[in-house]
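Chains as they are written, first to last, in our numbering: chain V, 470 to 827; chain D, 20 to 328; chain R, 5 to 350.
Bear in mind the hints are in silico, worked out from the structure with no lab data behind them. Note that CB positions come from ideal geometry on N, CA and C, so glycine has one too. Treat the hints with caution; some may be incorrect.
[Unchecked claim] Simulated crosslink set (DSS-like; lysine-lysine; CA at most 25 Å straight-line):
#, chain 1, residue 1, chain 2, residue 2
1, V, K713, V, K628
2, D, K145, V, K713
3, V, K585, R, K56
4, V, K796, V, K821
[To be verified] Stretch-level coverage of chain R by chain D, calculated; a stretch enters the list once three of its residues show a Cβ under 8 Å from a Cβ in chain D:
#, region
5, 150-157
6, 313-324
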Amino acid sequence: MLKQTGLRFSLVILVGVLLGLVMSLGPGGHVAMSQNSNTLKVGLIVPASKTDHGWNEQAADSLLALEGPLNIKVEIAEQAGYGDISPIFLDFAKRGFDLVICHASGYQTICPELAKQTGVKTAVVENPHAVAKGLVSDYESQAQDVAYLAGVAAGLMTKTNIVGIVVSGEPPTWNFITTGFAEGLHSVNPNAHLLYTLIGAAAYEDVADAKRDTAAELAAGADVILGQGDGASFGMMQAISEKKKNSGKQVWFIDVIGDKRSLDTEGVLLTSVLFDFTKVFTPMIQDIRNGDFGKVYTLDMANGGMRLLDFPGSVPAKVRAAVAQAKANILSNKLQVPAISDPGQMHKLLKKLFPGSF
Amino acid sequence: MEVEAFITVLLSASLRASIPMLLAALGEAYNEKGGILNLGIEGMMLGGAFSGFAVALITGSVFLGFMTGVAVGAISGLIFAYLSVTLKLDQIITGIGFTILMVGLTGFLYRYFYGRNFPTLGVSKKTLAIPFLSKIPVIGPVLFDQHVVVYLTLLLIPLLHWILFHTTFGLNIRAVGETPGAADAAGVNVAQIRYLVAVFAGAMAGLGGAFLSLGNLSLFVPGETQGIGYIAIAMAMLGKWSPYRVFIGAWLFGMVESLAVGLQIIAVPVQPEFILMLPYVGVIVAMVFLARNARLPAKLMLPYERGER
Amino acid sequence: MNEMGWTERLRPYISLMFAIIASFTVGAFLLWILGINPLRAYQVLFEAGLGKLGITQTLIKMTPLLMISAGLMIVLSAGIWNLGEDGQFLIGAILVGVAAPIINAYLPKIPALLILGMIGFLGGAAWAIIPAVLRIWYGLNEIITTIMTDYLAIYLTSWLVKGPFRDPSVIPPQTPVIPLVRRIPQIWGGVHIGLIIGVVAVLGVHFLMRNSTIGWKILVVGKSIKTAVHTGIPVARLSMMAFLLSAGFAGLAGANGVLGVKGLFQGDWNPAYGFTAFALVYMARFKGGTVIFLAYFFSFLLLGGQMMSLRLGTPVFFVTILEGLMLIFFVVNEYLFQHVLERRRS
Chain V
470 MLKQTGLRFS
480 LVILVGVLLG
490 LVMSLGPGGH
500 VAMSQNSNTL
510 KVGLIVPASK
520 TDHGWNEQAA
530 DSLLALEGPL
540 NIKVEIAEQA
550 GYGDISPIFL
560 DFAKRGFDLV
570 ICHASGYQTI
580 CPELAKQTGV
590 KTAVVENPHA
600 VAKGLVSDYE
610 SQAQDVAYLA
620 GVAAGLMTKT
630 NIVGIVVSGE
640 PPTWNFITTG
650 FAEGLHSVNP
660 NAHLLYTLIG
670 AAAYEDVADA
680 KRDTAAELAA
690 GADVILGQGD
700 GASFGMMQAI
710 SEKKKNSGKQ
720 VWFIDVIGDK
730 RSLDTEGVLL
740 TSVLFDFTKV
750 FTPMIQDIRN
760 GDFGKVYTLD
770 MANGGMRLLD
780 FPGSVPAKVR
790 AAVAQAKANI
800 LSNKLQVPAI
810 SDPGQMHKLL
820 KKLFPGSF
Chain D
20 MEVEAFITVL
30 LSASLRASIP
40 MLLAALGEAY
50 NEKGGILNLG
60 IEGMMLGGAF
70 SGFAVALITG
80 SVFLGFMTGV
90 AVGAISGLIF
100 AYLSVTLKLD
110 QIITGIGFTI
120 LMVGLTGFLY
130 RYFYGRNFPT
140 LGVSKKTLAI
150 PFLSKIPVIG
160 PVLFDQHVVV
170 YLTLLLIPLL
180 HWILFHTTFG
190 LNIRAVGETP
200 GAADAAGVNV
210 AQIRYLVAVF
220 AGAMAGLGGA
230 FLSLGNLSLF
240 VPGETQGIGY
250 IAIAMAMLGK
260 WSPYRVFIGA
270 WLFGMVESLA
280 VGLQIIAVPV
290 QPEFILMLPY
300 VGVIVAMVFL
310 ARNARLPAKL
320 MLPYERGER
Chain R
5 MNEMGWTERL
15 RPYISLMFAI
25 IASFTVGAFL
35 LWILGINPLR
45 AYQVLFEAGL
55 GKLGITQTLI
65 KMTPLLMISA
75 GLMIVLSAGI
85 WNLGEDGQFL
95 IGAILVGVAA
105 PIINAYLPKI
115 PALLILGMIG
125 FLGGAAWAII
135 PAVLRIWYGL
145 NEIITTIMTD
155 YLAIYLTSWL
165 VKGPFRDPSV
175 IPPQTPVIPL
185 VRRIPQIWGG
195 VHIGLIIGVV
205 AVLGVHFLMR
215 NSTIGWKILV
225 VGKSIKTAVH
235 TGIPVARLSM
245 MAFLLSAGFA
255 GLAGANGVLG
265 VKGLFQGDWN
275 PAYGFTAFAL
285 VYMARFKGGT
295 VIFLAYFFSF
305 LLLGGQMMSL
315 RLGTPVFFVT
325 ILEGLMLIFF
335 VVNEYLFQHV
345 LERRRS
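Just chain V, with the same shape it has in the complex:
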């Protein structure tokens, strides 16, 4: 038996190794560069669907929009998940890509390692420590400023004086948004009651529980909900839309990272925190051409990388004015919004700002 199994296994390995040798020695292994030598090949790796009306779509659309203007060729690897993405990265490397953008904070350790191994330039999210001249760049989103504006709008729009936050996880970007939002809310409406619900750990696609949790916050009296959910956001929006339709009362949904206006049949979408990644991808690609790659690029309100989705027409002028004022204060540095990504510190801040709520 030992012999047989051993033999079988050795055969499998042998065939594999032989095939490997043949393929790696063979001439057909590499794809010939057919593009104009000036065209940069850029690969984007995103964890979920590139049309998710959210984080992944905003990056994919931003990069695709630059294909013509910057003379780049884009390929997107979607649904890469949070596991091991090295096959995808190495495949891009093998096919001679000039830049691989690793669009998830979960990829920020593996991608620099693979860049060192292959020599292919890479860009990671939220990891300034990894920056290496000519090899690794980092891009970050300072979402707290725009989230502050959303908080101002929420604080002025609420009639019940109860505002809710529903999240399907506590990743850094969302924690920035949560804290910015809470600060903004506190600035115009310190007596508001703030609710906070976590749907589940890593429940990014859990629409059913997202809907239930959002409905519960609405039942507790909230009439403006900040929902951060990825796929689960669809469940949140459904709960809010149903509430409006069934009760006849206006309730609002504030979305993040994406534009769901096309899905908003009931008119509940107050605004959304939009990320325009062209503001980081453009200098990044220009810097490759200039031989100056390896920096930290930041997406913020000042450079237009972050903005609020336009309010619907029913939002009163005084709310718009207050938001515009807050924006001016932030841009002129009169007001500084703290940037907090640690969940523990975030919960402490919420408690400090709204002691009656937590």
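On the provided structure of chain V, position chains D and R as indicated by the hints.
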């Protein structure tokens, strides 16, 4: 905060949220009583959820969607019965195979057809308030302002209990799960009964899945059931296959889930993760007290060969 | 294995080939209905696994499957359905992730790796103690309890990696990065010693189950507890051992993921190998060599699916469909074989 309204909504949500699990668990209770353990329930729920959603989206008829979900579940149940009763294949493996297949198939088809624009069925009033009864404080909105399928499920529970424990047919089901040889000798068609319960369990799982995508959410996402099918199997065993007890177990599970939401909203100072563990810890603790040395139906998972004792 | 006809001996392999071919045929049909050229799709799928990159990546992917399968070969033989591999994997992985920087500070590389591997193993095993005790002494169904402990592990690790185990110097929730030099030594193009450990584990279990008294006893327990009790086999002790060993191997796979592939434990990481390992152990009929072949093949498919989605935009779920079909076709074919053989005999 209006406490009464808040609690009412939590209770009402706990009932609505437990319906998919309850339907699947009721079907699985019959299944297991008849000697079949179907780990494919999770997959069959997904099949019902996706097919129901797709048909409702195409035809614009939620009713047709529900019918499709039930049909897809029943057909899956039929195939499962063929594999486990006629071909006498290993039920656990076949069940796991079904679940893997359905997770893949529904995810693939959804991404292929709808993964670019995430359609929904729109926003509609899904509940049907029963006059007068729905006006009773708390109980009214919880029990009498629900989706039609919720009423149907609630009515089904006593019926299923009566059939299983007070009719000859129910006796035959139980006999087939315990002593198929004796049942066979007494002239009961063992294979026929097992086919019936397996198809029934599939249909119930399909209905449960369709309720999730049509009655509750108006949308589908891959992996929408999030493991409800497995919890349904746990509920069937915990409730010792009695429809009443299964109902109580499923609703309690839903209530503990709602409690986890409620505790977060009133901001108890505990990490949300620990609150969210409550339902699962609850199942294990409940098993320790209720299902200790629970005797499974004697012939569960075992195919019947004529001539055995 | 005494006198057996050649059909009998080849049967499992023919079943396997049939299952693979049948599932690919059904898969091709599905692609064709949807207007995707199946030949082109399968070409991409197979090309992905060829070449040095394809082979090394497949070997890396198969390592955790081998370790988990080794454990499943024991526990399933004992008639215990431990479906909690994913949770046991996570617990093993996070403990290794948090212990690594501490142990690396005091010990040289090899002893540190050995101890960390042990921590992963013991962590995974510890996570199975409650379901094991409940099953063996209280008669509680382990299918249910292990699925529940999977959920608990997801919540627990999610909290740990955001809170007490978090590396405060970086923004995302993760344990400190283990430097490249302190990871598992590599053999070839990213393939590391974990693969050898996985292969040895699978083959070791294979021979343990067939050629040792303890293996025989476990098989008896799995066949019939009554017989085992009559023969004087310590059922409880053996069941416990089998349960904890399988969970330990899942935890070891977690250690492999942290020390060999990722270099850290991070939030939202749940590769969920359990069902795939389950399917392949069953299809290999607990034979070590076939487990290794199938682990290679399934990893090959997973890689191909990723590349297919990249090149053709076909959803990654396609490979999951193939996997489910294969399992079903395999059991169906077992039946066909039995039927045909029986008919020929009579």
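### Query
Checked against the structure, which of the hints given earlier come out wrong?
none
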